[in-house]
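**Q** Chains as they are written, first to last, in the working numbering: chain S, 2 to 270; chain C, 2 to 270; chain L, 2 to 270; chain D, 2 to 270; chain B, 2 to 270; chain P, 2 to 270.
Copies of the same chain look alike in the list, so a pair counts if it works inside one copy or between any two.
Computed list of lysine-lysine pairs in DSBU-like fashion (alpha-carbon distance at most 30 Å, straight line): (1) K154 x K94; (2) K103 x K65; (3) K103 x K154; (4) K154 x K65; (5) K65 x K94; (6) K184 x K65; (7) K184 x K94; (8) K179 x K154; (9) K154 x K184; (10) K65 x K179.
For the record, the hints were derived by calculation from the structure and aren't laboratory data.
Predicted model, so just to flag it, every value in this text is computed and none were measured.
6 protein chains.
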Amino acid sequence: MLSKNLTAFGYEYIEDQSGGLPVIRSMSEIAGSTVMLIAGEYLSNADNGRGIILGGITGVPPTKVVMLGAGTVTEYAIRMALGMGADVKVFDKHLYKLQRLKYAVGQHVYTSIIDTDTMAEAIQRADVVIGAMRAEDGLSPVVVTEEMISRMKPDSVIIDVSIDQGGNFETSRMTTHKQPTYKHMGVIHYCVPNIAARVAYTASMALSNIFLPFLLETGTTGGIEQMMYANRWFMKGVYTHKGTLTNAYIARKFNLRFKDLDLLLAARF
Amino acid sequence: MLSKNLTAFGYEYIEDQSGGLPVIRSMSEIAGSTVMLIAGEYLSNADNGRGIILGGITGVPPTKVVMLGAGTVTEYAIRMALGMGADVKVFDKHLYKLQRLKYAVGQHVYTSIIDTDTMAEAIQRADVVIGAMRAEDGLSPVVVTEEMISRMKPDSVIIDVSIDQGGNFETSRMTTHKQPTYKHMGVIHYCVPNIAARVAYTASMALSNIFLPFLLETGTTGGIEQMMYANRWFMKGVYTHKGTLTNAYIARKFNLRFKDLDLLLAARF
Amino acid sequence: MLSKNLTAFGYEYIEDQSGGLPVIRSMSEIAGSTVMLIAGEYLSNADNGRGIILGGITGVPPTKVVMLGAGTVTEYAIRMALGMGADVKVFDKHLYKLQRLKYAVGQHVYTSIIDTDTMAEAIQRADVVIGAMRAEDGLSPVVVTEEMISRMKPDSVIIDVSIDQGGNFETSRMTTHKQPTYKHMGVIHYCVPNIAARVAYTASMALSNIFLPFLLETGTTGGIEQMMYANRWFMKGVYTHKGTLTNAYIARKFNLRFKDLDLLLAARF
Amino acid sequence: MLSKNLTAFGYEYIEDQSGGLPVIRSMSEIAGSTVMLIAGEYLSNADNGRGIILGGITGVPPTKVVMLGAGTVTEYAIRMALGMGADVKVFDKHLYKLQRLKYAVGQHVYTSIIDTDTMAEAIQRADVVIGAMRAEDGLSPVVVTEEMISRMKPDSVIIDVSIDQGGNFETSRMTTHKQPTYKHMGVIHYCVPNIAARVAYTASMALSNIFLPFLLETGTTGGIEQMMYANRWFMKGVYTHKGTLTNAYIARKFNLRFKDLDLLLAARF
Amino acid sequence: MLSKNLTAFGYEYIEDQSGGLPVIRSMSEIAGSTVMLIAGEYLSNADNGRGIILGGITGVPPTKVVMLGAGTVTEYAIRMALGMGADVKVFDKHLYKLQRLKYAVGQHVYTSIIDTDTMAEAIQRADVVIGAMRAEDGLSPVVVTEEMISRMKPDSVIIDVSIDQGGNFETSRMTTHKQPTYKHMGVIHYCVPNIAARVAYTASMALSNIFLPFLLETGTTGGIEQMMYANRWFMKGVYTHKGTLTNAYIARKFNLRFKDLDLLLAARF
Amino acid sequence: MLSKNLTAFGYEYIEDQSGGLPVIRSMSEIAGSTVMLIAGEYLSNADNGRGIILGGITGVPPTKVVMLGAGTVTEYAIRMALGMGADVKVFDKHLYKLQRLKYAVGQHVYTSIIDTDTMAEAIQRADVVIGAMRAEDGLSPVVVTEEMISRMKPDSVIIDVSIDQGGNFETSRMTTHKQPTYKHMGVIHYCVPNIAARVAYTASMALSNIFLPFLLETGTTGGIEQMMYANRWFMKGVYTHKGTLTNAYIARKFNLRFKDLDLLLAARF
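Could you build all of it, start to finish, from the sequences and the hints given here?
**A** Here you go:
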């Protein structure tokens with residue numbers, strides 16, 4: 002059934018070379034929408050940050066944000082960052098992804114191929130660095146070295162969205178929603194693997210949007226099982242955090258199938 | 002000297018009928034830029050919120066935001082909210098403020114005169130309500146009754162930016178950055194009077210942008226004193242929260258005048 | 002020759018999964034551009050409507066428009082609706098179509114997967130509902146039940162662009178340009194199958210844009226015949242309404258081939 | 002009380018030199034939003050028009066629209082026209098109004114000082130011409146001569162929004178909602194003085210937005226009387242067309258004052 | 002008559018504090034539209050420049066542009082620079098001008114109060130620096146020191162639009178259209194006082210737009226004389242460069258008054 | 002290895018039917034960004050042009066630009082032209098390319114299928130005509146006849162970006178960067194084949210972005226050779242104009258491989 006899925010979502014596949022399964026796409030939309038809020042929180046005084054605003058107000062140089070990777074996470078994060086007036090630079094290894102991002106955002110943005118010199122300088126000057134380069138072969142590329150991070154300003158913020166695949170920073174190690182950050186060389190690291198779990202209800206609605214058609218159309222659960230297996234890390238985060246609510250929501254949609262689904266989820270994770 | 006000030010910033014005065022002094026304008030830009038981040042935090046699971054995203058992702062109905070007042074706070078907050086894909090409704094008592102807001106944002110937005118029926122229904126359906134109606138006579142208008150709030154969804158979020166002038170909600174009472182929220186009728190209330198203090202460093206730069214020309218041009222401190230007096234509530238918050246840094250920054254700019262300024266601030270608050 | 006066509010317009014095919022033949026695409030652009038004008042007419046007093054504006058003016062809550070389907074019709078209609086300040090919600094069965102629509106429009110829009118509860122409520126509150134979900138298997142899906150329509154406001158307007166394939170509303174039945182509407186349960190239904198015929202001259206130019214290259218390149222008329230056969234419903238409407246002008250226009254382009262073309266058209270319809 | 006009014010709406014006065022009273026502004030927003038719908042209707046085949054689309058579809062040269070006057074009517078009409086893809090040219094006598102329009106619309110638009118040659122050519126090539134130049138001295142300027150109109154394409158559409166002040170076209174004479182158009186030299190003329198009456202319900206809400214504060218704050222009706230007197234032509238149209246509904250709506254807001262208001266209105270018109 | 006002028010263009014006066022006479026405004030629009038083309042020319046190889054593009058292409062870090070002053074010149078230049086994808090920073094002494102610029106452009110831009118540290122660093126990193134700060138007291142402020150320029154990259158480009166009032170750069174001295182640039186410390190300086198003369202035909206149309214109403218309405222030339230006197234530098238440039246054409250154009254408009262105007266201009270300059 | 006290339010850049014292939022190899026795409030971005038600067042230069046008095054501005058200022062009808070072809074060159078050129086306020090019309094033979102352009106630009110633009118009448122008239126009225134239709138079979142189509150050009154205004158500007166493939170104008174013949182233009186029938190013709198060489202440094206960075214990954218990943222130079230061969234005309238222009246710098250830049254990136262690369266390039270051209 003997986004091959005059937007690929008056919009049905011052929012458009013997605015073409016658009017999103019780095020993934021393309023709708024689950025990845027939706028969760029990336031969520032992560033992208035959430036990541037700037039997290040950055041804003043850790044830049045503010047509320048969490049003992051530097052006390053600077055995420056974005057720009059008239060007459061004060063805006064916050065500098067570097068985004069690594071030009072996929073869906075960056076697409077959503079950049080829209081928000083631009084709406085707030087931040088000064089954003091995007092780096093990626095692939096030219097076609099940078100070109101695609103400009104279409105998606107609908108305006109010119111600062112884009113650069115990952116080139117050690119330019120990127121290193123941008124990171125040194127940045128207030129926030131978002132790591133969102135996905136793996137092409139199972140392990141996400143480490144593009145920021147410890148040496149680069151050592152030159153960042155104290156209390157700058159790093160958010161490693163790719164941490165579930167190993168991360169984009171040499172200095173990042175997985176954290177949890179309970180203890181989401183640590184400091185390394187004075188730089189705040191936020192490396193929670195399942196960011197979408199911060200908004201578990203929204204995430205479960207997004208998932209249900211994707212799963213519902215399959216269940217309704219196939220009448221089987223085998224396909225779901227396979228799909229969920231492929232997205233284990235994410236599922237876990239969302240479903241365990243606010244489990245009851247989430248399951249209840251999906252269950253109401255699936256109606257009679259509640260038990261089967263519940264059992265399936267229980268068995269998997 | 003106050004009259005001199007009024008002349009110099011005549012443009013501001015015309016644009017910002019509800020205030021117009023540049024201090025108010027800059028602090029409102031900051032509050033507007035910050036308020037959506039706060040909303041996002043309390044909607045998320047991170048603070049035991051509803052677990053919904055602030056904004057919109059494809060296929061999931063977007064978050065509903067109601068903004069009361071069409072001044073600078075709303076102008077900045079709405080730009081960010083639209084950049085995130087939220088569903089925003091703005092209410093104000095004055096038609097010309099709503100018209101001005103549409104110019105500022107550069108696109109159509111949902112605007113409505115405050116009309117008990119329409120507003121009450123919008124609040125009932127909202128996920129976030131921002132109170133940003135300023136006083137015309139010293140006391141900000143209470144436009145949302147306890148009865149309206151009682152019909153809101155559990156764990157919805159209210160942020161009362163006008164709390165320093167009494168607030169726009171019947172149920173709001175001042176809180177602090179240490180204990181910023183409380184629940185009333187199941188609705189989260191965030192009523193910290195000096196939101197700008199969350200980003201104290203940015204706020205102090207903004208202030209220095211405004212004060213520097215006066216000090217340099219007049220060579221006196223009398224004018225500043227008057228201006229600060231008029232904005233007591235705000236000053237207090239910013240300067241006491243991260244006092245050393247803030248003062249140091251301004252002091253570096255004012256150079257030899259550090260002591261005078263420090264004394265002035267100390268005496269005032 | 003049809004397979005040749007598919008190759009030549011491969012880009013279209015990929016972009017427009019639900020159709021992709023350029024004829025469908027162009028006629029959908031026309032229908033999308035026209036449908037909001039029709040809605041505006043029937044909302045106004047001119048046709049004894051509710052006397053409300055299509056769009057928004059400052060201080061008056063904007064008109065609520067629901068669009069079913071996220072294809073080309075909706076893409077063109079939504080651009081116009083947003084330009085007028087209407088409050089638009091788009092529903093579709095497929096996530097990738099909703100994602101694509103956001104790219105096409107270049108800004109965030111309210112999108113939702115068709116979910117009975119959310120959609121039913123949106124329809125109940127709507128002033129205008131546009132049905133533009135195309136068939137996947139020859140018959141367009143009926144997504145709005147009579148029960149949902151019974152809860153709509155009196156004199157609300159339904160326009161069923163998919164009526165040629167059966168329609169998206171349980172209550173819609175085909176009408177004509179002479180008698181374009183009827184009322185059912187107090188709701189105005191506009192169900193003319195070939196909306197493009199309202200602007201016959203534009204439609205014939207659009208068609209000539211598509212057919213001209215084929216005729217010139219192939220030197221045969223067989224291909225045209227096949228293509229027209231595939232789009233019978235539309236052809237009929239456009240060519241019979243203002244027949245002389247239309248044919249004359251195309252004929253001038255095709256020059257010597259006028260008679261052949263005329264005969265072909267005459268024979269077909 | 003009128004002078005009080007002028008003070009209160011000082012912002013409006015500055016923004017809208019050609020009028021500035023909020024009633025004019027709101028009714029102009031409505032007229033501007035409505036005028037393109039009317040143009041679309043008379044260009045289509047529905048009213049035996051030329052059968053062309055108002056706007057643009059891919060590959061077919063877009064409809065040409067000329068707007069005379071750069072005030073609020075044009076601001077709203079142009080936003081809609083651009084959203085539909087029409088090719089718009091704006092002419093005005095005053096440079097500052099053209100400059101202001103570009104700010105309001107937020108993008109470059111074709112603007113030209115009224116210069117007989119350029120304007121005459123634009124009108125000759127136009128599909129739609131909107132007259133929206135307001136009087137500076139009680140009588141709106143006639144800027145389009147009969148000779149210019151004689152060179153327009155057959156079945157082109159003229160809409161004279163300034164007809165209540167005499168009109169902008171030498172050939173325009175007042176019409177009614179019952180018989181809204183006539184042909185002169187082959188050009189369709191739409192010259193209904195109170196366009197807002199096409200959307201009487203919306204218009205009455207807009208008026209109530211403006212009047213409500215005065216009534217509530219002054220407790221007198223004298224001011225209203227004066228304001229209404231100044232806008233006689235408009236009031237008449239709106240209030241007589243769907244009188245019962247309109248008055249009822251306002252009456253509900255004013256509650257106990259229903260009778261006074263009703264009598265006032267009855268007496269006036 | 003000058004006071005009459007000020008009254009008539011009251012809106013202009015308020016909007017454009019640094020000048021406000023329409024002549025300044027129109028010529029600034031032209032200078033702003035032209036200045037980026039000049040920058041592009043001197044950055045290219047065509048004039049032995051650095052061979053870099055003005056703007057941005059995918060994957061290559063965009064050109065860095067610093068604009069001093071937030072008036073009309075910058076408003077037009079920035080729109081073009083953003084359309085080309087350049088990385089723009091705007092500095093001004095006045096907060097209200099920076100705020101106004103953001104409204105005019107309709108999106109967030111990098112704005113900063115002139116603060117020696119931030120500006121000096123921006124200039125050091127810039128590829129292009131535009132000086133467009135107008136005099137408040139007859140002499141435009143020198144905000145860029147020779148020391149700052151000494152740290153700029155070789156073959157970077159400076160364009161001093163304020164050179165007619167003394168210039169914004171310590172190193173700028175007036176040049177001519179024949180010999181428009183010189184190098185100082187390796188930096189290309191373009192300091193032609195009347196940039197608008199590069200597009201003399203457009204400039205003369207703009208002037209005629211402004212003068213025509215005065216001549217027609219007053220029937221005197223006294224007012225014009227005064228106005229021209231106030232803008233001597235500009236007049237000279239435009240009228241002497243392509244004199245015949247310019248005068249002829251205006252003369253055709255003024256018809257019988259050709260001689261008077263010609264004599265007036267001849268006498269003045 | 003060419004087939005490998007096609008796989009790796011599959012996205013490009015689909016998006017850019019008329020080419021799709023990333024080299025073409027990047028060089029077209031550069032040409033598109035540069036072409037409007039060239040047009041502006043030759044319209045100005047600086048090169049004895051007509052003395053008109055490229056774009057629009059308030060109150061003066063904007064410059065008319067016609068673009069032939071709806072590929073990447075036009076996409077970049079139109080964004081800049083719209084940012085300057087020019088009046089742009091785009092013509093192409095293929096509907097799908099015109100549709101794609103509208104997505105890329107994110108707003109409505111004037112598009113038309115190449116239709117002798119409409120295009121001929123647009124060219125006659127144009128100030129600037131850009132030829133950017135690429136070959137489908139090795140030779141770019143000649144769509145503008147000498148007869149059409151004979152009716153253009155004196156000193157109008159033609160830029161033939163497709164000259165390397167034979168050109169889009171019957172009257173165009175190849176020129177050089179040293180002597181870039183000639184006049185034919187009073188119309189300025191700019192027909193330099195390798196426009197990107199005007200910004201050689203930027204072009205070489207763009208190329209290095211594309212080649213670097215191949216060299217690093219394959220460790221061979223065979224693939225590069227093939228790719229360069231396919232883009233001979235372009236390579237030549239860029240590499241010979243500022244050869245030393247360009248090669249040095251790439252060499253620094255490729256480090257030890259400098260000699261091989263240099264030899265390869267030397268041998269090829």
